Amino acid sequence: MLRRLGTAVGCLLILVWCLLPVAWIISLSFKTQESITVGNPGFLPSEGTNAGWQNYIDVWDNEQFRRAILNSVGIALIATVASVILGTLAAYAIARLEFRGKKFVLTTALAIAMFPVVSLVGPLFDMWRTLGLYDTWPGLIIPYMSFTLPLAIWTLTAFFREIPWELEQAAQVDGATSWQAFRKIIVPLAAPGVFTAAILTFFFAWNDFVFGISLTSTENARPIPAALSFFVGADPFNRPASLLAAGAVIATIPIIVIVLVFQRKIVAGLTSGAVKG
Amino acid sequence: MAKIQMKNIVKKYGDGFPAVNDVSIDVADGEFVILVGPSGCGKSTLLRMIVGLEDISSGDMVIGDRRVNDLAPKERNLAMVFQNYALYPHLTVYENIAFPLRLAKAPANEIDEKVRAASKTLELDEHLDRKPGNLSGGQRQRVAMGRAIVREADAFLFDEPLSNLDAKLRGQMRTEISRLQKRLGITTVYVTHDQTEAMTLGDRVAVLKRGILQQLATPRELYTQPNNLFVAGFIGSPPMNFLPATVEGNTISLPFGKVNLPADKAAKAQGKGLLIAGIRPEHFEDASVAANADEGSTFSAKVDVVEWLGNEAYAYIPFEAPPEVQEQLTQLEKDLDGESMRTQLVVSLDGASMVAAGDDARIWVDASKIHLFDPATGENLTLDRPVQPNEQADDTAGPAERGPGDEPETTRVREGN
Numbered sequence: 001m002l003r004r005l006g007t008a009v010g011c012l013l014i015l016v017w018c019l020l021p022v023a024w025i026i027s028l029s030f031k032t033q034e035s036i037t038v039g040n041p042g043f044l045p046s047e048g049t050n051a052g053w054q055n056y057i058d059v060w061d062n063e064q065f066r067r068a069i070l071n072s073v074g075i076a077l078i079a080t081v082a083s084v085i086l087g088t089l090a091a092y093a094i095a096r097l098e099f100r101g102k103k104f105v106l107t108t109a110l111a112i113a114m115f116p117v118v119s120l121v122g123p124l125f126d127m128w129r130t131l132g133l134y135d136t137w138p139g140l141i142i143p144y145m146s147f148t149l150p151l152a153i154w155t156l157t158a159f160f161r162e163i164p165w166e167l168e169q170a171a172q173v174d175g176a177t178s179w180q181a182f183r184k185i186i187v188p189l190a191a192p193g194v195f196t197a198a199i200l201t202f203f204f205a206w207n208d209f210v211f212g213i214s215l216t217s218t219e220n221a222r223p224i225p226a227a228l229s230f231f232v233g234a235d236p237f238n239r240p241a242s243l244l245a246a247g248a249v250i251a252t253i254p255i256i257v258i259v260l261v262f263q264r265k266i267v268a269g270l271t272s273g274a275v276k277g
Numbered sequence: 278m279a280k281i282q283m284k285n286i287v288k289k290y291g292d293g294f295p296a297v298n299d300v301s302i303d304v305a306d307g308e309f310v311i312l313v314g315p316s317g318c319g320k321s322t323l324l325r326m327i328v329g330l331e332d333i334s335s336g337d338m339v340i341g342d343r344r345v346n347d348l349a350p351k352e353r354n355l356a357m358v359f360q361n362y363a364l365y366p367h368l369t370v371y372e373n374i375a376f377p378l379r380l381a382k383a384p385a386n387e388i389d390e391k392v393r394a395a396s397k398t399l400e401l402d403e404h405l406d407r408k409p410g411n412l413s414g415g416q417r418q419r420v421a422m423g424r425a426i427v428r429e430a431d432a433f434l435f436d437e438p439l440s441n442l443d444a445k446l447r448g449q450m451r452t453e454i455s456r457l458q459k460r461l462g463i464t465t466v467y468v469t470h471d472q473t474e475a476m477t478l479g480d481r482v483a484v485l486k487r488g489i490l491q492q493l494a495t496p497r498e499l500y501t502q503p504n505n506l507f508v509a510g511f512i513g514s515p516p517m518n519f520l521p522a523t524v525e526g527n528t529i530s531l532p533f534g535k536v537n538l539p540a541d542k543a544a545k546a547q548g549k550g551l552l553i554a555g556i557r558p559e560h561f562e563d564a565s566v567a568a569n570a571d572e573g574s575t576f577s578a579k580v581d582v583v584e585w586l587g588n589e590a591y592a593y594i595p596f597e598a599p600p601e602v603q604e605q606l607t608q609l610e611k612d613l614d615g616e617s618m619r620t621q622l623v624v625s626l627d628g629a630s631m632v633a634a635g636d637d638a639r640i641w642v643d644a645s646k647i648h649l650f651d652p653a654t655g656e657n658l659t660l661d662r663p664v665q666p667n668e669q670a671d672d673t674a675g676p677a678e679r680g681p682g683d684e685p686e687t688t689r690v691r692e693g694n
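These protein sequence lines are chains A and B, in that order. Position one of the first sequence corresponds to residue 1 (the numbering used here), numbered consecutively onward. Position one of the second sequence corresponds to residue 278 (the numbering used here), numbered consecutively onward.
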C-alpha cells in the first residue's frame, strides 16, 4: 500500500516537473500583454487579464510567423525524409554486406554525431556565403542531415541486424528481385526503426536554434525557433511575451502531430513469428 | 519438374577451405534425394548452391537443361523450405502463401484458387487470416510448405525443415512430407542430419563428410553395403560396432574370441593384417535364444550393462582396442559428432533373453553380416560389388518405380582425408 502510494507521489512529482513549464506557457498565451507587463498574480488568466484567442489570432496574422512555420515544416520534413531514405539504404548495406571500410563508416558517423554543433557554425557560415547557400532551405537541410544521418544509420542498422536474413533469401527464392525483397519484406519489418529515426530527425531539425539563427538572415529560410527570437512587437523595448507564448504553443503542435502519427507505427516485436524461437 | 545435375561442385570460402569438395550428384526427375551428414559436412551449403543463395566456386549446376551457376535465385524456379521457416511476419498466412504468386503477377482469382488449394492440402484453412506470430511450430512449418507448393516450381528444396519441431510432430510431418512429395511427384532435395528422416524419406541418400561425398545409394544399400567406415558408423542406431580383427584362413579373431567367417568374405580380407570389423548390434544374439546358433560363431563375454526395452535388450560389453585401431576409431567418433567414449560392444538381444548385467553370456554373431574395413583408408573390403542398381531398388519400391532407374546409379566413393 505504502509502496503504491510512493509510486503515485513519485509519478505526480515527475509530471509536475515536466508539465509545469508547458502549462505555464499555455496559461501565458491566454493572458493579455498588459497583465504581463504590469504584473498579475494568479496562474490562470482571470477576469480582466484573459485575452482569449486574441494572442493566437495576432500571432497567426503575422506574415513573418506564418513564413517561419512554413520554413520550419518544409525544412524539417525534407531533412527527415532525405535522411531516413539515405539512412535506410546505408544501414541496410552496413547490416547486410561485407565491404571494406564498414567499421570506418560507422565510427565516422558516430564521430560526426558527437561533434559540437557550435564549432561548425563559423566555417559553415563562410562556406555557405561562398556557395550561395546562405539563407536558403538547402543551407539548413544539409547540416541537419549531416547531424541526424549518423543517428538514423545507427538506429536502423540495429533494426536491420535483427531481421533474419533468411526472410530476404526466402523472398528471393520466391521470385523477388533484391529490390523487391528489400521493399516488400525488409522495409515493412524495419518500419519501427524507420519511424524512430524519422521522429528523432524531425525533432532535431525542428528544435534547432543555432543553425537556424546563424545561417539565415531573412524570413527566406528562417525557421521558427530563430523567428521567435526575432519576434518583436510594436514596442522594441517591450517583448510581447504573451504573443511569444502563443507562437511557442503553435510551434509545438506539429511536433505533437508527428509523434502521434508515427507513434502508432512504432510497434515493437513486429518480427516475432518470422522464425522459430 | 526437372532433374538436377551437380557436376564436380566445389565451394571454397575466402580462406580457401573447401566446404563442398568435388561433389557430383544426379537427381532424377521426381526423385527424392537426401543430403545427410554430421554438422559442418557441407550439406546445407550444397543445398544453398542449388537454390542460388551461395556462389559456386567451380563445377556445373544443371537444372532441367539449363546451367544455372550464374542465375539469380528468382530465375531458377525452385521452392525452398528453410530450417527456421522464414515466414513473413507482417503478412497473414494467406498473404505468406500468396507471396510468390503475387510476385509472379498472377491474376487475383488464380492466386485465390491456388492459395485455397494449398491451404486445404495442408489443413490451414482456419488460420488463413492469422499472422505467423500467433501460430504453433507445426502450423508455421505447414505455412512454409504452403508457400513452396503453391507455385509450380521445378523442384523442392528442404533445409532441415523438421529440426525445430518436437519428436511427435516431427514424425507426423515426416510422413506428411513424404505423402506430399509422392502425390506431387516433384523432384526434391532434402537436407537433414537425422538419419531416421534420411532413411525413411529418401529414394536415395547422399552421405557427406567434410564436404566430400562418401556414398550415394538407396537407404537399403547404405545400410547393408556401406562403402566405408564413416557411412557404416553414421547409418544405423544404435551404431555399428567396430572391433579390431585379424583374419586367418576362414576364422576371424575378435577381442572376444575366434569366429568362423564365410569363405568369400575371408578371401577378400586375406593377408591384410589388422582390420576393423563392423558388426551391427542386431547381428548379435543371445546364443540361448538364437535358433541357428552354431558353435563356430559364438563367443563368451562378460556383460557390463543391460538395457531391457521389452521387445529387445541392449547389452554393453567393454573391450580393449590396440592403439593403431583405437586411433582410427577415435577419429571416426569425432567425424560422427560423437564423444570419444570407451570402446564397447553394443549387442541387441531378443527381448526373451535373460542375460543380466555381470553375466558371462554366450553371444552368437551372424558372421555373414560382418563387414571388414581397412584401418588405414576406412574402405569396406567386403562389399558385394558390383551392385546392380535395379536389384537394390526392387525391394525398396523406390526410384525404380518412378523412372529414375533408367540411369545407372552413380555411386562415387572417396576416401576420407
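Hints are computed from structural coordinates only; laboratory data are not their basis. Hints may contain errors.
These stretches of chain B come out as covered by chain A in the derived footprint (C-beta under 8 Å, 3 or more residues) [said to hold, decoys possible]:
1) 343-353
2) 363-370
3) 373-387
These figures come from a predicted structure and were not determined experimentally. Ideal placement from N, C-alpha and C gives every residue a C-beta, glycine not left out.
Going down the list of hints, with the structure as the test:
1. 343-353: With 3 residues closer than 8 Å to chain A, the segment 343-353 of chain B meets the three-residue bar; holds.
2. 363-370: holds (count 5)
3. 373-387: Per the Cβ count (4), the hint holds.
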